[in-house]
Structures are given as C-alpha cells and as structure tokens.
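Chains A and B, in that order, give the protein sequences.
The number in this note's numbering is simply the position in the first sequence, starting from 1, with 114 added.
The number in this note's numbering is simply the position in the second sequence, starting from 1, with 114 added.
To be clear, the hints were calculated from the coordinates, so they are not data collected in a lab.
Some hints here could point you the wrong way.
What the hints assert, rightly or not - No farther apart than 30 angstroms at their CA atoms in a straight line, the calculated lysine-lysine pairs in the DSSO-like style are these:
1) B:K270 - A:K237
2) A:K270 - B:K242
3) A:K281 - B:K275
4) B:K270 - B:K242
5) A:K239 - B:K202
6) A:K163 - B:K239
7) A:K270 - B:K188
8) B:K147 - B:K202
9) A:K169 - B:K147
Take a look at the letters that make up each chain.
Protein chains: 2
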Amino acid sequence: MDKGYIHVYTGNGKGKTTAAFGLALRALCAGKKVFIGQFVKGMEYSELKIVDYFKNVEIHQFGRGCFIRNQPSKEDYEAARLGLGKSKEAMLSNQYDVIVLDEINIALFFGLVTLEEVLDLIKLKPEKTELILTGRYAPKEIIECADLVTEMKEVKHYYTKGVMARKGIEY
Amino acid sequence: MDKGYIHVYTGNGKGKTTAAFGLALRALCAGKKVFIGQFVKGMEYSELKIVDYFKNVEIHQFGRGCFIRNQPSKEDYEAARLGLGKSKEAMLSNQYDVIVLDEINIALFFGLVTLEEVLDLIKLKPEKTELILTGRYAPKEIIECADLVTEMKEVKHYYTKGVMARKGIEY
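One chain only, chain A, in its complex shape (with noise of 0.2 angstroms):
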C-alpha cells in the first residue's frame, strides 16, 4: 500500500469540512476505512449520518451543540481532551487508512488544545494513514509539518448577504 501523507485544509473559506468529506467519501468508495473526529462541533450535520451508508467509517464529535462565541466553557475542554484521546486511540490503532481531524486548527485557536498535543498526535501518525486536518487559522508549525496544505480563501460569500446556514448545504 502506498505512503500516507498530511493533508490541511485551512483559510476563511467555505470548503475545508466538506472537502474532508468529499476525500472520506472518496476513500470510502474506493474501499478504505475511515474515521473522522470533530473537534468543536457538536451539532447535528446530515453528513453524520454518512455512517448509515458506509460501514467502513467511524465518526466522532468532541464539541457541543453550538459554536464558540466567546470564552470556551468548561466543557469545551473536557470535550477536546476526550477528542485528543480517541483521535490517539484512532492513530495507535493502526486500523484507519484515513483519518480526519475536523476543525482541530479551531481547537487549537481557541486553545482547547496545544500545539505541542497537536504535533505530538500528528507524530503518531502510521506510516499508510492519510492525515487530514481542518479549520481556520492552521499555525505555521502545522502547516510546515504538512506534506499538502490548500488555503480556502472566501473571494465571495453569501452569508454577507444574510443567507443562513441550511440543512444539506451547510450542515
């Protein structure tokens, strides 16, 4: 089997989280296994129910039900610490070809994790597992450990326009 390599996917634009999908789907059809933990997330996304359609895959949230407005709550951290150790279990485990590690740069933003935790998980990587990290604001460290880093830049977006979030498009 080939190598595996380190994929980010980061920048202010619409794509990152989907674009993890698209490569899961993907592996998927082509008969990989795959996990995916959300770091922050917690709401209910239709693409969670990709589980109903694949065996191959394993999906896991370590956030609450809405997003980070200001302060992370106590439960924000407890909720990353419990994401930084299924996502160790997942590498360890050396069963996943590809694993994904939703909105882990936001995580780190937010400082419900460091960039030592997120370096030291990156090394545990296996040797054939693709590694795909998402969310905004990628550190240079991340980025430098990358073998393949996309910045999804907004040139244009709806929200601007008042658009909301909708089922199946966004969520």
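Given the coordinates of chain A, work out where chain B should sit on it, guided by the hints.
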C-alpha cells in the same frame, strides 16, 4: 424550501472537486436529489461509485479517459457538447436540489464550451436548486454571477515531492 445559490470552487489547490463531492454527500445525507456532471473528466474515479450507496444521485462524465495535455481533440469537443446538453436538461427538469458541474471552468479554459454558453446554462438554474461550478481559472464573469466563491489556493502540494495520484485519495 430554501432558495438555491450558485457556488464556485476555483484556484490551483487540491479540494475543488473534493468539496463538490462533500457537498453532494451532505445533500444526499439530508435526502436531497443530486446531479453531478463532470466535464473534461472520463476517468474511473472511486467517487463514481457514490451511485452504489445513494439512490438520489446521478453522475455523468463528459470527457475522455485522460487529461487534455495540449490541444483538445474532436472527441473532447463532442463530449463537452453532450455535457452542455445533459446539464441543460438537468436544469430544465427542475428535479434536482443540487447540480454540480465539475470542471466546467476547465472546459471553458480549453474552449470546449464558450462563456456565453455557460452563462446561458447558469440562467436556467431553477430558483430552488443549488448550483456548484468547479475548476481552475473561473473567469470574472462566472465569479460575478456566483453567490459564493472560494479560491482553493495551493500553499503546498505533495506532487512537487513526486507523489503520484493515488486511488481513494486523488481518484
């Protein structure tokens, strides 16, 4: 039902088609109906198997089994022509919640379709349909008529390290 918008995913980074498929996945998981037309591409991508897992999706390829290296061939033009026709039918049928025209910007770039043809096609979008256009080199006229535009900017890519496209990750 909500009004549908026009998205453009362009730029030189990895994640455009992947994000379009991620969006298709989210929409399908939410019970929506999806049409995917792939311009220029005719290769055996893993993600084509999406039809084996979801019943509400249709996928068509309007390209040959290889990339256009220099000049498009007669077959490339014919395939793109077929693509325009099929995409027009999909729009007019008014039965899809999401329509993806993958790599349509590349078809434009190679002159397989004209800007006027694409703009005319966009005008056929039913009010409630979400339209997703992907591919590098989106011209300003397409960007102008879109509601959401993300530029996937390559910050780092592993192909510079000699990594070839891999099944389940790139295709």
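Right, here's what the structure says about each hint:
no.: 1; hint: B:K270 - A:K237; in the structure: holds, 19 angstroms
no.: 2; hint: A:K270 - B:K242; in the structure: holds, 20 angstroms
no.: 3; hint: A:K281 - B:K275; in the structure: violated, 39 angstroms
no.: 4; hint: B:K270 - B:K242; in the structure: violated, 37 angstroms
no.: 5; hint: A:K239 - B:K202; in the structure: violated, 46 angstroms
no.: 6; hint: A:K163 - B:K239; in the structure: holds, 28 angstroms
no.: 7; hint: A:K270 - B:K188; in the structure: violated, 36 angstroms
no.: 8; hint: B:K147 - B:K202; in the structure: holds, 16 angstroms
no.: 9; hint: A:K169 - B:K147; in the structure: holds, 22 angstroms
The structure shown violates the earlier hints numbered 3, 4, 5, 7.
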